[in-house]
Structures are given as C-alpha cells and as structure tokens.
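Please arrange chains G, R, A and X with the ligands on chain B, whose structure you already have, making use of the hints.
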Amino acid sequence: MELVVQDLAVARGGLCVLEGLGFALAPGAALILRGANGIGKTTLLRTLAGLQPGLRGTISAPPESIAYAAHADGLKATLTVTENLAFWAAVHGTSGVEAALAHMNLTLLRDRRAANLSAGQKRRLGLARLLVSGRPIWLLDEPTVSLDTASVALFGAVVRAHLAAGGAAVIATHIDLGLPEAQLLDLTPFRARGEVQASHGFDEAFL
Amino acid sequence: MELVVQDLAVARGGLCVLEGLGFALAPGAALILRGANGIGKTTLLRTLAGLQPGLRGTISAPPESIAYAAHADGLKATLTVTENLAFWAAVHGTSGVEAALAHMNLTLLRDRRAANLSAGQKRRLGLARLLVSGRPIWLLDEPTVSLDTASVALFGAVVRAHLAAGGAAVIATHIDLGLPEAQLLDLTPFRARGEVQASHGFDEAFL
Amino acid sequence: MIALLIRDLRLALRAGGGFGLGLAFFLLLAVLIPLGVGPEGGTLAKIAPGILWVGALLACLLSLDRIFALDFEDGSLDLLATAPIPLEGAVAVKALAHWLVTGLPLTLAAPLLGVLLHLPGQGYGWLLASLALGTPALSSIGAFGAALVVGVKRGGLLLSLLVLPLYVPTLIFGAEVVKRGAAGMDVGVPLALLAAITLGAMAALPFASALALRINLR
Amino acid sequence: MIALLIRDLRLALRAGGGFGLGLAFFLLLAVLIPLGVGPEGGTLAKIAPGILWVGALLACLLSLDRIFALDFEDGSLDLLATAPIPLEGAVAVKALAHWLVTGLPLTLAAPLLGVLLHLPGQGYGWLLASLALGTPALSSIGAFGAALVVGVKRGGLLLSLLVLPLYVPTLIFGAEVVKRGAAGMDVGVPLALLAAITLGAMAALPFASALALRINLR
Amino acid sequence: MSLWEYANPKKFSETAARVLPVVAPLAGLCLAVGLIWGFFFTPEDYKQGATVKIIFLHVPAAMMAINAWIMMLVASLVWIVRRHHVSALAARAAAPVGMVFTLIALATGAFWGQPMWGTWWEWDPRLTSFLILLLFYLGYIALWQAVEDPDTAADLTGVLCVVGSVFAVLSRYAVKFWNQGLHQDSTIMKVGEKDPLDPAYYWPLIVCLIGIVALFVALVLLRTVTEIRLRRLAVIEAREKQE
Ligand code: HEM
Ligand SMILES: Nc1ncnc2c1ncn2[C@@H]1O[C@H](COP(=O)(O)OP(=O)(O)OP(=O)(O)O)[C@@H](O)[C@H]1O
Ligand SMILES: Nc1ncnc2c1ncn2[C@@H]1O[C@H](COP(=O)(O)OP(=O)(O)OP(=O)(O)O)[C@@H](O)[C@H]1O
Ligand SMILES: [Mg+2]
Ligand SMILES: [Mg+2]
Chain B
31 MELVVQDLAV ARGGLCVLEG LGFALAPGAA LILRGANGIG KTTLLRTLAG
81 LQPGLRGTIS APPESIAYAA HADGLKATLT VTENLAFWAA VHGTSGVEAA
131 LAHMNLTLLR DRRAANLSAG QKRRLGLARL LVSGRPIWLL DEPTVSLDTA
181 SVALFGAVVR AHLAAGGAAV IATHIDLGLP EAQLLDLTPF RARGEVQASH
231 GFDEAFL
Chain G
31 MELVVQDLAV ARGGLCVLEG LGFALAPGAA LILRGANGIG KTTLLRTLAG
81 LQPGLRGTIS APPESIAYAA HADGLKATLT VTENLAFWAA VHGTSGVEAA
131 LAHMNLTLLR DRRAANLSAG QKRRLGLARL LVSGRPIWLL DEPTVSLDTA
181 SVALFGAVVR AHLAAGGAAV IATHIDLGLP EAQLLDLTPF RARGEVQASH
231 GFDEAFL
Chain R
498 MIALLIRDLR LALRAGGGFG LGLAFFLLLA VLIPLGVGPE GGTLAKIAPG
548 ILWVGALLAC LLSLDRIFAL DFEDGSLDLL ATAPIPLEGA VAVKALAHWL
598 VTGLPLTLAA PLLGVLLHLP GQGYGWLLAS LALGTPALSS IGAFGAALVV
648 GVKRGGLLLS LLVLPLYVPT LIFGAEVVKR GAAGMDVGVP LALLAAITLG
698 AMAALPFASA LALRINLR
Chain A
498 MIALLIRDLR LALRAGGGFG LGLAFFLLLA VLIPLGVGPE GGTLAKIAPG
548 ILWVGALLAC LLSLDRIFAL DFEDGSLDLL ATAPIPLEGA VAVKALAHWL
598 VTGLPLTLAA PLLGVLLHLP GQGYGWLLAS LALGTPALSS IGAFGAALVV
648 GVKRGGLLLS LLVLPLYVPT LIFGAEVVKR GAAGMDVGVP LALLAAITLG
698 AMAALPFASA LALRINLR
Chain X
3 MSLWEYANPK KFSETAARVL PVVAPLAGLC LAVGLIWGFF FTPEDYKQGA
53 TVKIIFLHVP AAMMAINAWI MMLVASLVWI VRRHHVSALA ARAAAPVGMV
103 FTLIALATGA FWGQPMWGTW WEWDPRLTSF LILLLFYLGY IALWQAVEDP
153 DTAADLTGVL CVVGSVFAVL SRYAVKFWNQ GLHQDSTIMK VGEKDPLDPA
203 YYWPLIVCLI GIVALFVALV LLRTVTEIRL RRLAVIEARE KQE
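Residue numbers (the working numbering), protein chains in the order written: chain B, 31 to 237; chain G, 31 to 237; chain R, 498 to 715; chain A, 498 to 715; chain X, 3 to 245.
For the record, the hints were derived by calculation from the structure and aren't laboratory data. Any given hint might turn out to be false.
[Stated by the list, open to error] Here are the in silico distance ranges between beta carbons for each label pair: (1) B/T218 with R/E570: 25 to 35 Å; (2) A/I499 with B/A102: 28 to 38 Å; (3) R/A701 with A/V528: 18 to 28 Å; (4) G/S95 with B/H101: 28 to 38 Å; (5) B/H101 with A/I582: 25 to 35 Å; (6) X/G120 with R/M682: 19 to 29 Å; (7) R/E570 with X/P27: 47 to 57 Å; (8) R/A701 with B/L184: 41 to 51 Å; (9) B/A102 with G/T218: 27 to 37 Å; (10) B/A102 with G/P219: 25 to 35 Å; (11) B/L184 with A/G697: 55 to 65 Å.
No residue lacks a Cβ here, since even glycine has one placed at the ideal position from N, Cα and C.
One chain only, chain B, in its complex shape:
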C-alpha cells in the first residue's frame, strides 16, 4: 500500500520537464507538491496515475489503488448530482454515495443537474467522487480551485479523515490547505535541464 517513486523523469509535449524525482509515500501520509506555474505538476500527477508513461525511473504502487482528480471534474451536465456519483460508485463497485454527499455538503443539491451547479459546487462534486472510488491513494491536481474558505476547510477535513483511515494523498496546490502534518515537496530543484538520455519513443533520440 505504498507509493514509491524512484529517479522519475516526466515529459510533456516531447520535452522532459521534471527529472530525478524520488519519494515514498506511506499509508497515512500526504505529500504536497509545490512549484511555479508550468513546472510540471499536472504532468507528474498524470504520470503517477498511469495516464502517460514516464521517461525514466520507476513508479511502484499496488494495482488499482490510485484515484486521480484532474483540473476537469468529469461531470455529466445532464445527470443529477446523485446520478453522477452513483455511476462512479457502481464503476468502482463501492457504495457510500450518501456518505460522500454528506461529507462534501452536497445533500441539499442532490437532485440538481450538474449543469446547474456553480463552479465551486461542481468542484465539490468532483471531489466527492474520490470518496466513492474507495481507492487509498489520491492524486489531486489543484483540488481547491473555486472553493470558498468554508469548503476548503471541509475538504481539508475530508483529506485528514482519509489519511487517518490509512489512505495517502499527493496534492498539487498553490494555497494552504491546513494540513500541517503533510510533507512538502518543492519541485523547483527537479526542473529538467535537458540532459535526459535519449530514450524509447522520445524526441531527444533525434538530438
């Protein structure tokens, strides 16, 4: 149940953006990724989630343990809040839609179609999906975008409960989430300087 990353290099648009990354995330631990815009946080998280291959290095995580929450929320505008959540619960074979609604303060909005939610309400629903995924390792890309202060606190509490239950989380964010126990990882030192070796299916092979 550990996420171990060793000497990882990740690329976007055929260019290496981060290299030499390594960390281990034990159950109950959270890692906060910091770094300026464009440093490669989204790219790193997508690589960890298995959506794109790394350039080099290894990622070891138990199979099917990762839940990824991207910039986009994956909501269906014509389905209601409950239907949206229930679908993901069914896909992951879990229950707990009600609990997730309650945790993200969506109970009052449960029959509203997702199209009629405000930006922050949509985001809360996107985050509630994590709760019904039943997966231990959360990868969160700027989860608090558009959330107001109360919702940020709510979300902090949800993350903390997840950690207490033995989960883990990697969070890319620019603001303070109120998780003092989390490790911080500043990505600036890992910015690639273009010295990655030519590798399999990679543009630098042409250099």
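Just chains G, R, A and X with the ligands now, with coordinates in the frame of chain B:
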C-alpha cells in the same frame, strides 16, 4: 466613467439569486465580491457585463467600457500566445500586445501554442487580454484560479496599475489579492428570499 | 460495465442526448435525395437500396462523435481509463450503447423509408435483415474512428473521413443484399460476408479502439 | 471584423482546423454512392446532379458546428458579444469564413466529381455556376442553425435536423439548374430563384443568427 | 379588459378550465357524428368505391396540420414581441398535436394512394411538402427538447418557427416547381364552381372539420395547462431547494 448599480436583482436558471444590490464604482476604485460558493457571483458579473438581463433594477455604465474575464479564458488552442492576444487587440482596435505580454510575464512563451500551456500559464494569457481590451471597467471572475503565488502578486500589481491609471475593477475571489485599498462587498446579505415580483420573462409569473 | 451502459443510455435519452435524431436524419436523407435526384419512381426504385444503406451509414456517422468526445472533454475518459473496468470492455459497452440508440431504431424504421423510395416489395425483409446484421459493424467501426479522433476538437468531419472508407465493405455487402433481395435473387453470399464483417469488427476492434484511446489520453 | 475573418481562416488552416476536410468528404460521398447504387453509367448520369448537390450540402453541414460551437465552449463567444463589433457583423463574417473554407473549395472541385458520376458534358458549367451561387446560402442558413444549437453539446445531429429542411429550396433549385443544364434546357428560372434565395439569406439571416446567439449566451 | 389578460398563466388556466368542458365534448360529438355519417351513410363513389370515405379523416387532418403550424407561428410571434409565457407554452403544446395530424394525413394519404394511384407513395408536390412539414415539426420539437432552460428554449424555437415558416413557404413553391403532381387540387372551397365536391360528402366533411378543429383546440388547451402546471412545479421545487 462610473459604474452605478441600483437595486439590482439577478436570476439564474429562472430563479432570483441576489436582490437589492446597489453600489457605485468610481474611477480608480476596486470592489471585491465575497460570498460562499453558489451565492451568485458569476451570475452578477455576467449581468453587469450585459450578457444576461437583470430581473429588476438598473445598471449604468458608459457604453463599451466593460471588459469581462470569465471562468473560461477564450483562448484558441491552435493559435500562439501572441496571435491570441493580437486578435483581441485588433477587435478592440488597440495596440500594446508587447506590453501586455511583458506585464503578465509571457514574453518567453510568446510563440508557444496555447494548447501547450499549463493551467496557470493559460490563465495568465487570459488576463493579458484585459490589458489589450483598453476598457476601463474590468469584471473579473476568480482571476487567480491556478495561479502560483508569484503570478498572483504579478496580477495584483497589474490591477493596481490599472486603478492608478483611472480604471476600475469588480473582482469575485475567494483568496486575498493583496489589494488593501479595495472595498469589500459581502454578498451574503443580498441573497434572495424569493420575494421578487413576477416580472417580464421570468418564471415567478407562474406562481 | 452495466453501470456504464445504463449511464450512456440515460445520457442519450435525456434532454439534448440526441436519441431519435439519427432516425430523423435518416428520414431527412430519404426526402432530400429524391428532391435532388427527381421524382420518377423507376430511377428511385433502382437506387433505393444504395441510398437507404448510405443513409443509415450517414445517420450513424453523425452520432459517432458523441461516443467518446463528450467523455474526453469533461475528463471522464481519464477517470474511466483509471477505473477498475478494462478499457476494452468500456469501449465495447459504449459501442453497444451507440448501436442501441442509433442502429437499432434505424433498422426498425428503414422499411418505412423503403416505401418513400419505392423499394420493390421483396426487398423489405432483406433490408431489415441486412441492417440488423450490418449496423453493429457500423457502431464498432465507428467507435474505433471516434477513439482515433477523440483529441481533435469538433472533429466531426475528420471522423467521417476516417470512418467512411472503413465502412465501404459493410456498405457494399449490405446494399448488395438488399439489391439482390429486391430483385428476387439469391442473397446468401453477401449476407454471409456481412455477418462475417460484423462479427470480426465486434470481436477485434474494441482492442484497437482502447489502444487508440490510451494513446490519445497520454 | 477583418481581424475576425483572418483569425477564422487561420484557425481553419491550422492543424485540426478542418480545411479541406469538406472537400474530402464530398469526394468520399461521390465514391460511396456509386458503390451503394451500382456502377451503371446511365443511372449514375441521371442522378449525378442530385447526388452532387446533396453531397455538397452534406459536406457543408458537417462543418457547420465549428462555426460557433468552438468559440462558445472556450468562452470567446462571450467575449465577442461584449466586444465593440456588432454581433450581426461577426455572424456574417463567420459565415463568410465558413464559405471560404468550405463552399468555395467544394464549388471548384465539383466538376471533377462530375466526371466520376458521368455527368453529361453540358452540365459542368451549370454545376459550377449553381454551386457558386448556392453555397453562400448554405453557409448563411447553416450559420443560423449553428447559432440555434450552440448551447447543445455535440449537437451535430440536431443541427442537421434543423438545417436540412431549410436547405430544401436551395437544393431543389440548385439541382434543377444542373439537371436542366445537363439536358440542354433553359436554366434561367431556377438560376434566378437560386440567386434570390442566396441574396435573401445573406441579407436577413445574420440578424436572426445574432438574436439566437444572444439568447444562447444568456 | 384587454385580450392580453389571458397571457397571465393563472387567468389562462382558469379560462381553460371553463372552456375545456365545452370544447372537448363538442370535438367528440362532431367527430363521432361526422365519421359515422361519412362512413356508413354516404354513397360509394362511382370511380373510387368505398375508399373515398378516407376523405373524412384525411382532409380535416391535412388542413389542421397546416393550421397548427400557422397557430404556432402566431404564438411564437406573440412570445417574441410581447413575451407572454402562455403563448410560448401554447406553441410548444401545439407542436406534437400538429405533428400527429401531419402523420395522420400522410398515413391516410398513403392508404388512399395504394388503391387510387397504385403506389403507397408518390413524389407529388403536395405530398412532398407535407413530408417537409413533418420535418419542420420534428426539428421544432427536437429543439424544444434539447434546450433545458424553458425561456431559452421558447426564444430559440420562436426564432426557428418564424424563420422556418419563411423557408416552408419557399419549399412549397420549390417543390411545385420541381414536379407537377397527381394530387387533386383543393375543391372544398369551390362551392358553386364547376366540378364541386358532391353534397353527399360535403356536409359530413364539414362536420368532421368542425370536430377536428374543436379537438385541436381542446388538446392544445389541455397541453398548455399541463405545461403551465409543470413549469409552476419546477419553480416551486427549485425555490424549496434554494431555501
Ligand atoms: C400521403 C399522402 C397525402 C398527403 C400528404 C395529402 C395531403 C392533402 C392535403 C394537405 C389536403 C388538403 C388540401 C386542401 O384542401 O387545401 C388534401 C386533400 C385531399 N386529398 Fe390528399 N394527400 C395525400 C394523399 C392523397 C391520396 C392518395 C388521395 C386520393 C387519391 C388524396 C385525395 C385528396 C382529396 C380528394 C382531398 C380533398 C381535396 C379537396 O376537395 O379539398 N390525397 N390532401
Ligand atoms: N508541446 C510542448 N512543448 C513545450 N513545452 C510544453 C509543451 N506542452 C507543455 N509544455 C510545458 O510543460 C510544462 C508542464 O506543464 P504542467 O501542466 O505540468 O504544469 P503545472 O505545474 O501543472 O502548471 P500549473 O500550476 O500552471 O497547472 C509547462 O511549462 C508547459 O508550458
Ligand atoms: N437551473 C437552476 N435552478 C436552480 N438553481 C440554479 C440553477 N442554475 C444555477 N443555480 C444556482 O444559482 C446559484 C448561482 O450560481 P453562480 O455560478 O452565480 O455562483 P457563484 O457565486 O459564482 O459560485 P462559485 O463561487 O461556486 O463560482 C448557485 O447556487 C446555483 O446552484
Ligand atoms: Mg496544472
Ligand atoms: Mg462562479
């Protein structure tokens, strides 16, 4: 050059969300809208921008004085950063693309296609559009989403320069922008309690 | 997987989901072609099998971009790719859902349109049979094309261009079945070939589509 | 306005912009129809004017949803609506850009496809003339349809359903010009009517389209 | 009292509740009388035999199919110009009714064409323009269903109806230009001219026509009131959620 709002009520999805709003914004002043998720900030800004009609009340602003920056940035993924900006400059009949790029720290990215920007870089480009619009009143809907701390500071400086040059701004945001001189307007007291009269083109006619 | 099927059907039936539009488009084509070509019954009867098949094909085609593009845009495809169901299965289910909301209604409505185009009497049974056999292939092949262009914004036209050549064998055999059927000839060979194409497409293409999706998500 | 025209043309010419796809689709249709209908030259020559016009119409149709939907999705339409150019003008410019990247190439390529379909020799000039006169109407009417459905996600099929009936008069007169021309008859009346429709559509529809857009942005 | 009072949903519902009990039975009565009279108590035509009796369903349905669209056009214009919700909803309510009349006209026509012209379908201009009318109805209804916000949908379909009407008329002329047809011209208005409709058919046909107009009015009123109630329900529900 003043934006004056009197007794405004705004609706979304056929329901009144805010009512009784009134304020005046003189040149050089900034107004920060606060309020929980879903209170109606986006709705209010769209109404002020003239994209949707208000339910009641008046908005008076000089014609063609308003520049609106929404949740979406209006970027064309296949155009470069410069091309995107130059288009809006041409539409508004202004120049100053170079200056805008420099102000939002985009000069290095100028020939990158917008599709290849990170979330924060896209946002910076979206905000640079305000600078080439040449309009005095800015309506900003959560302008700092995805921006890192340095970019937020950069943006704060841009807004301050705009105000100093006699512009005005209405900003909906959940975080601190570092504009101590701005007025704060908490929208919570204006939440509609559904007592608006039946009106022109409005669902309450059915009650 | 069943949850996915139910969701896709529900989305299709909701407002703006486009159920029934394929049908309407099919009808439209059956009206437009005579308007362009002219009203003589003889000519129409001759081209009816071909036109009906081309019409079914285009109606299918126009709804293809909904298969994956909507999920891609709102980010659900990322999430589906990391979900515990195999992506191949998800693709197959989505193609099935597409067939249920497009191919099946088209098949059932086709005989009616046959009347408009003066299809000879013996042709109706074969029209039904060939469409019932052939439209699943249209959906599977279409899903593959949709997976290829999922990253392209509003790639409807590109999609048509990629998919139409792939539709050629299905179209030829399908129209041939109807033509021969209408003329009272033996239809065994084209019907068997049509069935073979459909089975092959349904069995093999989900893997190719899933691969294409993975590449596009990267 | 010129900036908008240049931007739209540039977007169409960039990767994924879809320039040339309409043409390719037109070509494909011209190939598919004989495949479905059968190869006899006599039948083909008879249906060629109609098929070419229906093909041009469908090729136009498939690219319509790019006119406004892309701008709507990424928020530029909001910004255009608040920009200092009148929305009616923007609509007209966008329809013009659509014509330049779709209708014009179609017109120029149509005689080539006429050869594929055994169009009789006298028909070529009239094919060119009728398409040159008629395709601007297709773009204006299409822009109106696109403005109506701009809020509907992936509304390609709905768009077809709304727009195709509006295309009927254009199609009839256009195909009639070619048919009569190919048969060596007088084409004056349908040609004049086609021109009237095009002028009317170009003059009046931008207002309706701008109205529809404003409603959708609300 | 101005006519526009009825644009108030409440007032309209009340009026409809009073009118419906009159119109609905009238529709039933006229249709029953007209059809029974027409089917059983008219002579068979010397050329067409018993099939001529389809006329009692065919002609009223065909006329109402067109009239329903005209009514929708008027209601749409009222909505666009004066923004009375009831007229928008009435247009919405009339569309499926009109479409069903179109389908009835097409189906009865097809059944009639089989014995008369030897085919179920002929690309006669009148028949073709009816098919096109059906497409307009389909598009109109599809647009209503695709757009979720009711006011937006009303606006968009209103614009579509106005523009569509222009093109529908154009199509009618275009189709006439395209093909000279088999279908007989309108004779029902030609009383007193040569070759009029046989009086034996005339009167039951008139009764049927009155019946079908009453049926249309009844259905549209009923559906409009239903739409009003649905809309009211949605508002109440949304407001409860908001609290
Ligand atoms: C599906 C096809 C058909 C359609 C859409 C259709 C449509 C119409 C319409 C719109 C009218 C009303 C015209 C008016 O009064 O202005 C009408 C009337 C009539 N139709 Fe048809 N028709 C169809 C088939 C037929 C057939 C097959 C026959 C029989 C030969 C027929 C015989 C008549 C007659 C006798 C009238 C009454 C004309 C009169 O006296 O006013 N129709 N039809
Ligand atoms: N095709 C490309 N060519 C060159 N650079 C690219 C290309 N595509 C993306 N990049 C760059 O890759 C970098 C990584 O982007 P990524 O989205 O991972 O950043 P991020 O850390 O998530 O930023 P943000 O905080 O703004 O979301 C960015 O600097 C981006 O400009
Ligand atoms: N069709 C509808 N029916 C009922 N309520 C609706 C409908 N559409 C939107 N709403 C509600 O209108 C309110 C206003 O939304 P708006 O987007 O203006 O909020 P906001 O203040 O911008 O929120 P955020 O900070 O989350 O962006 C929200 O509470 C939303 O749920
Ligand atoms: Mg990012
Ligand atoms: Mg908002």
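Hints and how they fare:
For B/T218 paired with R/E570, a C-beta distance near 32 Å keeps the hint of 25 to 35 Å intact. Evaluation of the 28 to 38 Å hint for A/I499 and B/A102 yields a pass: the beta carbon distance comes to about 35 Å. Distance hint check: the CB atoms of R/A701 and A/V528 are about 25 Å apart, consistent with the given range 18 to 28 Å. At about 32 Å, the beta-carbon gap between G/S95 and B/H101 stays in the expected band of 28 to 38 Å.
Separation of B/H101 from A/I582 is about 32 Å and conforms to the stated range, judged on CB atoms against 25 to 35 Å. At about 25 Å, the beta-carbon gap between X/G120 and R/M682 stays in the expected band of 19 to 29 Å. The beta-carbon spacing between R/E570 and X/P27, approximately 54 Å, falls within the hinted interval of 47 to 57 Å. For the pair R/A701 and B/L184, the supplied restraint of 41 to 51 Å holds, since their beta-carbon distance comes to about 48 Å.
For the hinted restraint 27 to 37 Å between B/A102 and G/T218, the CB-CB distance of approximately 30 Å keeps it satisfied. Between B/A102 and G/P219 the beta carbons are some 34 Å apart, a value that agrees with the proposed interval 25 to 35 Å. Take B/L184 and A/G697: their Cβ atoms lie about 58 Å apart, and the range 55 to 65 Å holds.
Checked against the numbered hints above, the structure breaks none of them.
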